[in-house]
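Q: Use these hints to put chain B onto chain A, whose structure you have.
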Amino acid sequence: MRYDQLELIYNENNNWKHIMARNSILGVFAKSPIKPLEKHIKLVVKCSNQLIPFFSACSEQNWSEAAKVRRKLSKLEQDADALKRQLRLELPGGLFMPVDRADLLELLTQQDKIANRAKDIAGRILGRKLEIPESLQEQFNAYLARCIEATEKAAEAINELDDLLETGFRGREVDLVEKMINQLDAIEDDTDTMQIVLRKDLLALESELNPVDVMFLYQIIDWVGDLADLAERVGARLEILLARK
Amino acid sequence: MDILLNSGSTLVMIAAVVGLFMAWGIGANDVANAMGTSVGSKALTIKQAIIIAMVFEFAGAYLAGGEVTSTIRKGIIDASFFVDSPELLVFGMISALFAAATWLLIASALGWPVSTTHSIVGAIVGFAAVGVSPDAVEWSKVGGIVGSWIITPLISGVIAFLIFNSAQKLIFDTDKPLQQAKRWVPMYMFFAGFVLSLVTIKKGLKHLDLHIGNADGFLYAVITAVIVALIGKVFIHRLKFDESAALKTHYANVEKVFALLMIVTACAMAFAHGSNDVANAIGPLAAVVSIVDNGGQIAAKSTIAWWILPLGGFGIVAGLALFGHKVMATIGTGITHLTPSRGFAAELAAACTVVIASGSGLPISTTQTLVGAVLGVGMARGIAAINLGVVRNIVVSWVVTLPVGAALSIMFFWMMQSVFS
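Chain order of the listed sequences is A and B.
Mapping to numbering that gives the first Met the number 0: the first sequence position 178 is 177, numbers consecutive.
Mapping to numbering that gives the first Met the number 0: the second sequence position 125 is 124, numbers consecutive.
Looking at chain A on its own, in the form it has when it is part of the complex:
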């Protein structure tokens, strides 16, 4: 009957769950950072994917639609930011993990930069109502799509983290992820080549365009390329994460 009284105390304080967690073996298991990390990169990819409808609205000069897409993109970027902060808070020191905590946080930072870059691009284009020259549009869209493909590849590799955990971060699963990272590098190489061609073609058009617009066009081309660069860096961080220990 004394236990009943205890039970009452627990219920009154409404922290029974907390007590049990401390009171038993289950408190030993901390929250896994892997699912949130995967969720984060999914948000990031969704965010950068918005650039495709964004640029297609821009090319039709439908600025209200473009603004709508940018708002959506911006919202996704904020969500990713919030998740990033939450994950950092949930990952205090004193956790014993199969991967290095610093590596994990660095990976998260890199992932988040992709979304930031996507937001920068949309903001700059919309702010100046900057148009991609008609003759470059097809080429630019292909370039954009390829860069976004790089981010998707990075997400695919990050999504293997839970399978990596299943396999104790070794063996076939590591080989599989290595392969994905190689593919990611190949895509990034590809975007570099595309960027060179795009710049050359823009150079040929320079005289016909507003010089200030040209400057910003170069900047946009750079930034879109950054998406692939950052995705490659996510892959590199993942590789470092796997190599440790």
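Derived from the structure by calculation, the hints contain no laboratory data.
Note that the Cβ used here is the ideal one computed from N, Cα and C, for glycine as well.
There may be inaccurate statements among the hints.
Unchecked claim - Below 27 Å or equal to it, Euclidean Cα-Cα: the simulated DSSO-like pairs (lysine-lysine) are:
(1) A/K128 - A/K74
(2) B/K46 - A/K30
(3) A/K34 - B/K255
(4) B/K255 - A/K30
Unchecked claim - Chain B side only, calculated, beta carbon under 7 Å to chain A, not exhaustive:
(5) N32
(6) G35
(7) Q167
(8) D172
(9) Y250
(10) G377
(11) R380
(12) G381
(13) A383
(14) A384
(15) I385
(16) V389
A: Chain B alone, transformed into the frame defined by chain A:
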């Protein structure tokens, strides 16, 4: 001496009630530790876990609890010291029970992890060393027990590490993990069944007067293990897999097989827990009963009264039934990424270690052993995140428990002495 003849049955009654309460507390309190990993990795529902716990805790307590009970009853204290004043031993054992039960209550209320093993050992050493004389304690045995508290988590950690790595090699890091799982998981079931039944047959059944020879015991253990593995195989065969989700979710299918294995290891865990922890409640009771029944003579050879082990088992089951549901309901949520393939490795390692300790008559802490096993799986890079702060808290509370148990028991001992003399 007269006190034992006049109030003997009263003393036995007191010891039985406190012992029963203690067993009840162990059932209510420790169920989360013994069964939590299975519920947490969703291999079992709460109801299933409680039913398994009830059956196997009782079986463990009854069939394999005798050796540790003997240690608690007469292994820590030098009985020859009490030949002239057996009532002191009776008072002491009852005080130790009171002390451990009180500490269990206080610590549970404050949300501190308790080890009933540590509190009862601390309490017995406390009353004997301070209340009677330091020479009344068999210090070498106590040293062995305390040493085992450090060694068993290490051993179970190493076993867990090896089991987890073997599962990685045999099942996960292969071309067809699902086929490999179907082939090897029954072998792990065999292993669990073999270790548990061998220890039970060789060590546990002594007090039931079943004397089974070495070769026979080995044979029976193998037969039991084969039966366990065959039943497991049948259930694996009946599992339905999501074949369409070929590569992407192949580990999800593998985990389904491991979930079945985890039912077996959960049974093993409950059995092991019952076999070791029942003694904390009924070991002192057994001492009291044997002294009173023999009219104050401390018989070294006497066996445990037939009703004591079932009483302990019943107490644990009652605690589970009345309180376990509430405890279990609070777990299950909040644990992410504890898949059955990790949980089984930790549970199997801990269960084997605890059962072997039970067979050797070593009172150890189930939770401590399980924490060691979890860290072992963590070392093999198998668990997403382990809270080292919580591990530290658990260790600290165990260290604190020893002097507290001792102090409480000394207090109760002096109180009993003044009341009865």
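Q: At a threshold of 7 Å, is the proposed contact between B/D172 and chain A supported by beta-carbon distances?
A: holds, 3 Å
Q: Close enough to count: is the Cβ of B/G35 nearer than 7 Å to one in chain A?
A: The hint holds - B/G35 has a Cβ within 7 Å of chain A, the shortest such distance being about 5 Å.
Q: For the hint on B/V389, does the least C-beta distance to chain A fall short of 7 Å?
A: holds, 4 Å
Q: Going by Cβ atoms only, is B/Y250 closer than 7 Å to chain A?
A: holds, 5 Å
Q: Hold the hint about B/Q167 up to the distance rule: shortest CB distance to chain A must be less than 7 Å.
A: holds, 5 Å
Q: Taken at face value, is the distance from the CA of B/K255 to the CA of A/K34 at most 27 Å?
A: Since the Cα atoms of A/K34 and B/K255 sit roughly 20 Å apart, the hinted pair holds (cutoff 27 Å).
Q: Is the interface hint for B/I385 satisfied, with its Cβ closer than 7 Å to some Cβ of chain A?
A: holds, 4 Å
Q: Please check whether B/N32 passes as an interface residue: C-beta within 7 Å of a C-beta belonging to chain A.
A: Constraint on B/N32 satisfied, holds at 5 Å.
Q: Let me know if the C-beta of B/G377 comes in closer than 7 Å to any C-beta of chain A, holds or violated.
A: holds, 5 Å
Q: For the pair we were handed, A/K128 and A/K74, check the Cα-Cα distance against 27 Å.
A: holds, 20 Å
Q: Would the pair B/K255 and A/K30 pass a check requiring their Cα atoms to be no farther apart than 27 Å?
A: holds, 22 Å
Q: For the pair supplied as a hint, B/K46 and A/K30, confirm whether the alpha-carbon distance does not exceed 27 Å.
A: Holds: B/K46 and A/K30 sit about 25 Å apart, inside 27 Å.
In summary, the structure agrees with every hint in the numbered list given earlier.
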